[in-house]
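Trainee: We have chain A; now place chain B onto it with these hints.
Heads up: the protein sequence lines correspond to chains A and B, in order. Going left to right, the first sequence walks through residues 1 to 209 as the numbering used here numbers them. Going left to right, the second sequence walks through residues 1 to 289 as the numbering used here numbers them.
FYI, nobody ran anything at the bench for these hints, they're computed from the structure. Careful, some of the hints might be misleading.
What the hints assert, rightly or not - One side of the interface only, derived from the structure: several residues of chain A facing chain B at Cβ under 7 angstroms:
no.: 1; residue: Arg-5
no.: 2; residue: Pro-8
no.: 3; residue: Asp-91
no.: 4; residue: Cys-123
no.: 5; residue: Gly-124
Note that beta-carbon positions come from the ideal geometry of N, C-alpha and C, so glycine has one too.
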Amino acid sequence: MSGPRVLPVGDHALLVELESGEAAGALHAELVRRRAAGTLPPVREIVPAARTVLLDGVDDPPALAARLLTWDIPPLKAGAQETVEIPVRYDGPDLAEVAARWGVPEQEAVRIHSSAGFRVAFCGFAPGFAYLTGLGERYAVPRRATPRTAVPAGSVALAGAYTGVYPRSSPGGWQLIGSTDVTLWDPHREPAALLTPGTRVRFVPQAPR
Amino acid sequence: MTDRALSVVRAGALTSVQDEGRFGHAHLGVPRSGALDLPASRLANRLVGNAPGAAVLETTLNGCAVRPRCAVTVAVTGAPCPVTVDGRAVAWGAAVRVPSGAVVEVGAATRGVRSYLAFAGGVAVEPVLASRSTDLLSGLGPPPLRDGAVLPLGRPGRGHPYADVAPAPGVAHELVLRVRPGPRADWFTPDAQRVLATGRYRVSSASNRIGLRTEGPALRRAVQGELPSEGMVLGAVQVPPDGLPVVFLADHPTTGGYPVIGVVPESDLAAAAQAAPGTPLRFVVGRGL
Numbered sequence: 001m002s003g004p005r006v007l008p009v010g011d012h013a014l015l016v017e018l019e020s021g022e023a024a025g026a027l028h029a030e031l032v033r034r035r036a037a038g039t040l041p042p043v044r045e046i047v048p049a050a051r052t053v054l055l056d057g058v059d060d061p062p063a064l065a066a067r068l069l070t071w072d073i074p075p076l077k078a079g080a081q082e083t084v085e086i087p088v089r090y091d092g093p094d095l096a097e098v099a100a101r102w103g104v105p106e107q108e109a110v111r112i113h114s115s116a117g118f119r120v121a122f123c124g125f126a127p128g129f130a131y132l133t134g135l136g137e138r139y140a141v142p143r144r145a146t147p148r149t150a151v152p153a154g155s156v157a158l159a160g161a162y163t164g165v166y167p168r169s170s171p172g173g174w175q176l177i178g179s180t181d182v183t184l185w186d187p188h189r190e191p192a193a194l195l196t197p198g199t200r201v202r203f204v205p206q207a208p209r
Numbered sequence: 001m002t003d004r005a006l007s008v009v010r011a012g013a014l015t016s017v018q019d020e021g022r023f024g025h026a027h028l029g030v031p032r033s034g035a036l037d038l039p040a041s042r043l044a045n046r047l048v049g050n051a052p053g054a055a056v057l058e059t060t061l062n063g064c065a066v067r068p069r070c071a072v073t074v075a076v077t078g079a080p081c082p083v084t085v086d087g088r089a090v091a092w093g094a095a096v097r098v099p100s101g102a103v104v105e106v107g108a109a110t111r112g113v114r115s116y117l118a119f120a121g122g123v124a125v126e127p128v129l130a131s132r133s134t135d136l137l138s139g140l141g142p143p144p145l146r147d148g149a150v151l152p153l154g155r156p157g158r159g160h161p162y163a164d165v166a167p168a169p170g171v172a173h174e175l176v177l178r179v180r181p182g183p184r185a186d187w188f189t190p191d192a193q194r195v196l197a198t199g200r201y202r203v204s205s206a207s208n209r210i211g212l213r214t215e216g217p218a219l220r221r222a223v224q225g226e227l228p229s230e231g232m233v234l235g236a237v238q239v240p241p242d243g244l245p246v247v248f249l250a251d252h253p254t255t256g257g258y259p260v261i262g263v264v265p266e267s268d269l270a271a272a273a274q275a276a277p278g279t280p281l282r283f284v285v286g287r288g289l
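Bound-form chain A, shown alone:
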């Protein structure tokens, strides 16, 4: 197993690359813990992503890099925190295509998706848009060849092995399998995003409208 690799990003940031998304999640959790405990030097932004964690707004990136390479980082534990449940109507226009790609009937596709335990790996694309892992690579699906010009807010969608929920209406190329009434993003709420990195998520099937 290879350890973390630290890459330079300008004068005030560093990018830590890990061998897996799980390892990136574990480093992110450790950074958040240390920041809460007051043992991390000031960092303006901690941005986890697919296999990396970006530390931006750092006074002395090389010193911080040297320090974090000595850390013993505990692996992520499922059940260590509260799980957010998202009620979903599995009524998306791409559900049939996704089920066909998986080689199962639609009902079985719903069962597979709603029985998986998800984790927010990172956010991006739009405020409050979370990239959820948990389905596994065998259920990866491609993006649509032609993106839709308007995907409704609350659409539950798949791309690659990720699941995402559109916080607001926007163009998008993900495969739409369902919809939810949950408010993903509210800038007047604390935190503004329902799904923040590290959050555990389950999708709970609801009767279609």
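Mentor: Below, chain B alone, put in the same frame as chain A:
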């Protein structure tokens, strides 16, 4: 009409409310946003006695016109331009007292791109995540100005102006941006590094608050395939599949999947914000910046 507000007479090509930006929410997908030419917006605030982070108006190329509904001190900095109050020429880069109901016109930039119009007390739109900035990527903050819109103004503090007159910025015939290699410089051919350092680029007219786009020689990749999404910083030089570098400005996305060949230091980005389309552009690549 004595309330503390202004009405928009002429919104201009793109005029938005900007302060120093939104920090600490990048992990939720929230861009930094904020004035593209921060030194200019801070200077405008100093001229009218505001804190440096008060919200100002940022114009694009052809200025804007507003009618304050109260007497207020204003100042214009950034891109040099004619400034008038009810049609009479007043000083650029200096505090100007505007009577209630007079029209303040920020004219077209004579060079540069973005002028900053500050009001004593600041533009007092409702903050979103502790910033009043318009974020054009994700739509946070107030929408860009429209003709007839009304914006609230804050009460001037007790602060005194720290500066009397702003020096006009020098004429830049060429934009020079320093680049520190990384984090994905190794995704490009050694030849790409040389092309970036020696190539003749121009600022593309497709540039906006999200990124400074370029025209010039394409950079070739050594590593094909897709880069998993990773965090992006202000000043990142991202290279999309067409090979033409894009320098990320304030409204840049927080994560991205195209490799970043290097990063431009923040201190060079005010000049990037003022480089009009067609401006010759040179990258200086090095480690010891």
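Trainee: All hints are to be evaluated individually against the structure, with a verdict given for each.
Mentor: Structure-based check of all given hints:
no. : hint    : verdict
1   : Arg-5   : 10 angstroms, violated
2   : Pro-8   : 4 angstroms, holds
3   : Asp-91  : 26 angstroms, violated
4   : Cys-123 : 4 angstroms, holds
5   : Gly-124 : 3 angstroms, holds
Comparing the model with each numbered hint stated earlier shows that hints 1 and 3 do not hold.
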